[in-house]
Amino acid sequence: MVPRALRYRETVRTAVIIPAFNEAQALPAVLSSLSDQVPDHDVVVIDDGSTDATARVARDGGATCLSLPFNLGIGGALRLGFRHVVDQGYDRAYQFDADGQHEPSQIPVLLAALDGADMVVGSRFGSHTGYRVGWGRNLAMGLLRRLVGHLSGQKFTDTSSGFRAFGRPVLQLFASEYPVEYMDSVEALILATGRGFRVVEVPVSMGDRRAGRPSNRNLRLVYHFVRVLIVLLAGSHRRPAQTS
Amino acid sequence: MSGGAHVLVGLLALGALLVVVRLVRLQVLKAKYSILWLTVGAALAVAAAAPGVLDWAAERLGIGYQPTLFLLLAIGFLLLLAMHFSYELSRMERRIRTLAEELALLRRDAERKG
Numbered sequence: 096m097v098p099r100a101l102r103y104r105e106t107v108r109t110a111v112i113i114p115a116f117n118e119a120q121a122l123p124a125v126l127s128s129l130s131d132q133v134p135d136h137d138v139v140v141i142d143d144g145s146t147d148a149t150a151r152v153a154r155d156g157g158a159t160c161l162s163l164p165f166n167l168g169i170g171g172a173l174r175l176g177f178r179h180v181v182d183q184g185y186d187r188a189y190q191f192d193a194d195g196q197h198e199p200s201q202i203p204v205l206l207a208a209l210d211g212a213d214m215v216v217g218s219r220f221g222s223h224t225g226y227r228v229g230w231g232r233n234l235a236m237g238l239l240r241r242l243v244g245h246l247s248g249q250k251f252t253d254t255s256s257g258f259r260a261f262g263r264p265v266l267q268l269f270a271s272e273y274p275v276e277y278m279d280s281v282e283a284l285i286l287a288t289g290r291g292f293r294v295v296e297v298p299v300s301m302g303d304r305r306a307g308r309p310s311n312r313n314l315r316l317v318y319h320f321v322r323v324l325i326v327l328l329a330g331s332h333r334r335p336a337q338t339s
Numbered sequence: 014m015s016g017g018a019h020v021l022v023g024l025l026a027l028g029a030l031l032v033v034v035r036l037v038r039l040q041v042l043k044a045k046y047s048i049l050w051l052t053v054g055a056a057l058a059v060a061a062a063a064p065g066v067l068d069w070a071a072e073r074l075g076i077g078y079q080p081t082l083f084l085l086l087a088i089g090f091l092l093l094l095a096m097h098f099s100y101e102l103s104r105m106e107r108r109i110r111t112l113a114e115e116l117a118l119l120r121r122d123a124e125r126k127g
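Heads up: the sequence lines are chains Y and S, in that order. Under the working numbering, read the first sequence as residues 96 to 339, first letter to last. Under the working numbering, read the second sequence as residues 14 to 127, first letter to last.
Check each hint, because a few of them may be wrong.
[What the hints assert, rightly or not] Some chain S residues near chain Y, calculated using beta-carbon distances under 10 Å:
#1 Leu57
#2 Asp68
#3 Glu72
#4 Arg107
#5 Leu112
#6 Ala113
#7 Leu116
#8 Ala117
#9 Arg120
Don't read these hints as lab results, they were simulated from the structure. The beta carbon of each residue, even a glycine, is placed where N, CA and C say it ideally should be.
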């Protein structure tokens, strides 16, 4: 008889969602490391209105590529990824960065935690990590962390981490209601916990970005910070979003 | 206001009404917005033709300086309009995002078939 855990593993279908905006340079290395380390996971690259060869590079690397007609931002790209994995019948999926910040060696850590949870967040600030950020960002993240802790009734050390895994029920929620603007990761945490899903955080190690540039300047960061504060305080996560 | 100014405002209001009607006929402006501007144009035309109406209303409301009432109404109207447009923009953005997603999914299906 086949052990139960093994049978389970055979039937579970896992997808990797990679949002990519002009990441043709960094993407090939990421795709090849994924096909080395997790060959049985289906990779889907969301080409978020790139003007470079991102889509071609993604297909050459063996990934499924969904191309958006224009740039929607990371939240919009992710929501499309969630829609895709839900209607393709995947059981679970995880987000992965196109710029090489996330390490494939940490994927098993993330997925192992998904067995007892609906959603897993890989935290840069756990025990065996050495991740540094600037003081302004540090302050903003600290404030958001406290607010998220207050609203979710749970402690999170890394609210903006983009290294996350999801079970199907959360994927279904996010396919229609994923927050589509910048700092989506913070809103998504509150959305998932607010709807009663079990969200856990695990410490992971992360590398530096290999190519591309940081996506935001300080003033924009302040604007998005204020916007997220309003969203969180307005409590729109507690109501189903309008659909029209 | 002097008699000349009344004539000028009245002509402008009439001109605005004609432009709105023409835009609707050309289907450049949606009828629902034309109602808005036709109402404004008509109100201006009335105020120009019978200035006593505005004076009377200001007096009833206890506003001593009559143009204040006019400015109050104008600012209130413009604020409401700006809010309405923000609402419409939010809704349109939501719809455009969904359309972009649908397009990407349709492309995926087309590529698999072709």
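Going through the hints against the structure:
With a least beta-carbon distance of about 34 Å to chain Y, the hint placing S/Leu57 at the interface is violated under the 10 Å criterion. At a threshold of 10 Å, the smallest CB-CB gap from S/Asp68 to chain Y is about 44 Å, leaving the interface hint violated. Among the interface hints, the one on S/Glu72 is violated; its C-beta lies about 43 Å from the nearest C-beta in chain Y, farther than the 10 Å criterion. With its C-beta approaching chain Y no nearer than about 7 Å, S/Arg107 sits inside the 10 Å limit, and its interface hint holds.
Interface hint at S/Leu112: satisfied, since its Cβ lies 9 Å from the closest Cβ of chain Y, which is below the 10 Å cut-off. At about 5 Å, the closest approach between the beta carbon of S/Ala113 and any beta carbon in chain Y falls short of 10 Å, and the interface hint on this residue holds. With its C-beta approaching chain Y no nearer than about 6 Å, S/Leu116 sits inside the 10 Å limit, and its interface hint holds. Satisfaction of the interface hint for S/Ala117 is found here, the shortest Cβ-Cβ separation to chain Y being roughly 5 Å, below the 10 Å cut-off.
Annotation: S/Arg120 was flagged as interfacial toward chain Y, and the flag holds, the nearest CB pair being 6 Å apart, inside 10 Å.
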